[in-house]
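J.: Just need the whole structure built from these sequences, with the hints factored in.
Protein chains: 2
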Amino acid sequence: MDYNKLRNLIFEKKNFLCVGLDPDFQKIPEHLKMLPFAQFEFCKKIIDSVAPFCVAFKTNTAFFEEQGSNGWISLEKTIKYLNENYPSHFTIADAKRGDIGNTAEAYAKTFLQNMNFDSVTVAPYMGSDSILPFLKYNNKWAIVLALTSNKSADDFETKQLVNNATNFEEVINFTTKLGTNKNLMFVVGATRADDLKKIRSIIPNHFLLVPGVGAQGGSLADVVKEAWNKDCGLLVNSSRSIIFASNSIHFNKVAAVEASKLAMEMSNFF
Amino acid sequence: MDYNKLRNLIFEKKNFLCVGLDPDFQKIPEHLKMLPFAQFEFCKKIIDSVAPFCVAFKTNTAFFEEQGSNGWISLEKTIKYLNENYPSHFTIADAKRGDIGNTAEAYAKTFLQNMNFDSVTVAPYMGSDSILPFLKYNNKWAIVLALTSNKSADDFETKQLVNNATNFEEVINFTTKLGTNKNLMFVVGATRADDLKKIRSIIPNHFLLVPGVGAQGGSLADVVKEAWNKDCGLLVNSSRSIIFASNSIHFNKVAAVEASKLAMEMSNFF
Chain A
7 MDYNKLRNLI FEKKNFLCVG LDPDFQKIPE HLKMLPFAQF EFCKKIIDSV APFCVAFKTN
67 TAFFEEQGSN GWISLEKTIK YLNENYPSHF TIADAKRGDI GNTAEAYAKT FLQNMNFDSV
127 TVAPYMGSDS ILPFLKYNNK WAIVLALTSN KSADDFETKQ LVNNATNFEE VINFTTKLGT
187 NKNLMFVVGA TRADDLKKIR SIIPNHFLLV PGVGAQGGSL ADVVKEAWNK DCGLLVNSSR
247 SIIFASNSIH FNKVAAVEAS KLAMEMSNFF
Chain B
7 MDYNKLRNLI FEKKNFLCVG LDPDFQKIPE HLKMLPFAQF EFCKKIIDSV APFCVAFKTN
67 TAFFEEQGSN GWISLEKTIK YLNENYPSHF TIADAKRGDI GNTAEAYAKT FLQNMNFDSV
127 TVAPYMGSDS ILPFLKYNNK WAIVLALTSN KSADDFETKQ LVNNATNFEE VINFTTKLGT
187 NKNLMFVVGA TRADDLKKIR SIIPNHFLLV PGVGAQGGSL ADVVKEAWNK DCGLLVNSSR
247 SIIFASNSIH FNKVAAVEAS KLAMEMSNFF
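First to last, the protein sequences are chains A and B. Heads up, the first sequence is in the numbering used here, so the first residue is 7 and it goes up one at a time. Heads up, the second sequence is in the numbering used here, so the first residue is 7 and it goes up one at a time.
I should point out that these hints are in silico values taken from the structure, not numbers from a laboratory. Glycine included, every Cβ here is placed at the ideal spot set by N, Cα and C. Mixed in with the good hints there might be a few duds.
Said to hold, decoys possible - Simulated crosslink set (BS3-like; lysine-lysine; CA at most 27 Å straight-line):
1. A:157 to B:142
2. A:115 to B:39
3. A:203 to B:165
4. B:183 to B:115
5. A:39 to B:115
6. A:157 to B:146
7. A:86 to B:39
8. B:165 to B:183
What the hints assert, rightly or not - Okay, the calculated beta carbon distance ranges per label pair:
9. B:253 to A:122: 25 to 33 Å
10. A:236 to B:253: 51 to 59 Å
11. A:171 to B:211: 31 to 39 Å
T.: Here it is in structure tokens:
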């Protein structure tokens, strides 16, 4: 999906919600667990229910991998289902891959070509070699970790370099030179409003993928206040508070209610 | 595998070679490509041929993932084959996973419990939250990226912080507080002999996983000179120069010859 299509989708729908598909097997409703591809069945029902209330879906590869090859098949079925039935939704493989050379090429091919996700989350530690292979695909995106919402982000990401930049600013500085705001986004946690403001001043035109609203304590209003740009420039992710809002047989309807609440709140910002 | 067992294995065998299983589908011999699990068949033949000449095997998840769920099954078959037939070899899932909270827990469970690898490579960018979940398993290891062998390591890893440490030193500093030399190793590229020496002075007692010897230009003698410790403390990896030394029907025999050359060179250091 290209930049304009994403931007227009957001403005037509007055919505910038990304629903995170984290199908932790322990937490999916009991009545689905006996099905051959339980994680896919769970994701499918969530997708069908919440699609009207979001513009993007993010699949977390860890929970699929935890179920072995069966989980990997569920991941393949989930992205295929999304591409066939919801081509207007933006898709993210939240894989946080980070390697170099032909290994990085293989990861990029896996997610962007073979599975046809719109984007992959990428770890920047090893430098540009880790990021460039993901920028070779037309209308695809690398979403690079900058400042995350977890407490131990302070172990490393916020450390200050002798050039006065923090590590997360340095990541943004060298990464933005590799691509454009048409193929690069950054992960910035919602729990750090001051830093969101600072990051927006460095990259006024890039989309930010923002986790940490809701369960992790970030405020949607603060995120919008500090990081909204003329094209919205935000994809705000919510996972557990939507998909695991209930584990009853009506879990998907409860998920839709939770997503619709966020959608309603978001529509007020347009 | 615990520290003493690994140490004894190395000294009994007079060998610290890790063979990297990177089954790039394009590069595996034609006569194997038609088999249902071609990557597993390739790895199996390589393993059987080179096992006498190494102490460890490292599977690169990227190349399995590139073949979709079929590749993931090959990965599962490969580690099962290793655990059943070569329990005395140390195993590494070279996955470079890096995430937080229950996502990191899921990755750790996938590789260390479900697949029963001895170790996983881990990216440190998000701080201790990314590493701690991998340290909860008895006799298992997290192998944390410190200084890698690629050129763009200078984009980020070697940048200097205001506390005078470089980023890779900072990673070592905060990571060593989370575990011990019995459950933590670090990735340090062979192409930077000066830095190897510096790292060895910071962590005299930790094992280092060293890629970059051979194809990438690092010298085995330099690595040994700068980073050998009383327990050897080294696992030197070689992948392509062994496993793709030939793509003929005798590829596995040629691989064994290449591994045996390195093994011979290594034995001289004991």
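J.: Are the Cα atoms of residue 157 of chain A and residue 146 of chain B separated by 27 Å or less?
T.: 25 Å, holds
J.: Do residue 171 of chain A and residue 211 of chain B keep their Cβ atoms within the hinted range of 31 to 39 Å?
T.: The hinted range 31 to 39 Å holds for residue 171 of chain A and residue 211 of chain B, with Cβ atoms some 33 Å apart.
J.: With the threshold set at 27 Å, check whether the alpha-carbon distance from residue 203 of chain A to residue 165 of chain B stays at or below it.
T.: Answer holds: residue 203 of chain A to residue 165 of chain B is near 24 Å, not above 27 Å.
J.: Verify the proposed pairing of residue 39 of chain A with residue 115 of chain B, using a straight-line Cα cut of 27 Å.
T.: Roughly 19 Å between the alpha carbons, so the hint for residue 39 of chain A and residue 115 of chain B holds.
J.: Taking only the CA atoms, is the gap from residue 115 of chain A to residue 39 of chain B under or equal to 27 Å?
T.: Holds - the C-alpha atoms of residue 39 of chain B and residue 115 of chain A are around 19 Å apart, at most 27 Å.
J.: Check the following: the C-beta atoms of residue 236 of chain A and residue 253 of chain B are separated by a distance inside 51 to 59 Å.
T.: Given range 51 to 59 Å: holds, Cβ gap about 54 Å.
J.: For the pair supplied as a hint, residue 86 of chain A and residue 39 of chain B, is the alpha-carbon distance within the 27 Å limit?
T.: Between residue 86 of chain A and residue 39 of chain B the Cα gap is close to 25 Å, so the pair holds against 27 Å.
J.: Please test the hint of 25 to 33 Å on the beta carbon pair from residue 253 of chain B and residue 122 of chain A.
T.: Roughly 30 Å apart at Cβ, these two residues keep to the hinted range, so it holds.
J.: For the pair we were handed, residue 165 of chain B and residue 183 of chain B, check the Cα-Cα distance against 27 Å.
T.: 22 Å, holds
J.: Within 27 Å, alpha carbon to alpha carbon, are residue 183 of chain B and residue 115 of chain B?
T.: Holds, because 22 Å separates the two Cα atoms, which is no more than 27 Å.
J.: Between residue 157 of chain A and residue 142 of chain B, does the CA-CA distance stay at or below 27 Å?
T.: 19 Å, holds
Going down the numbered hints, you'll see the structure goes against none, and every one checks out.
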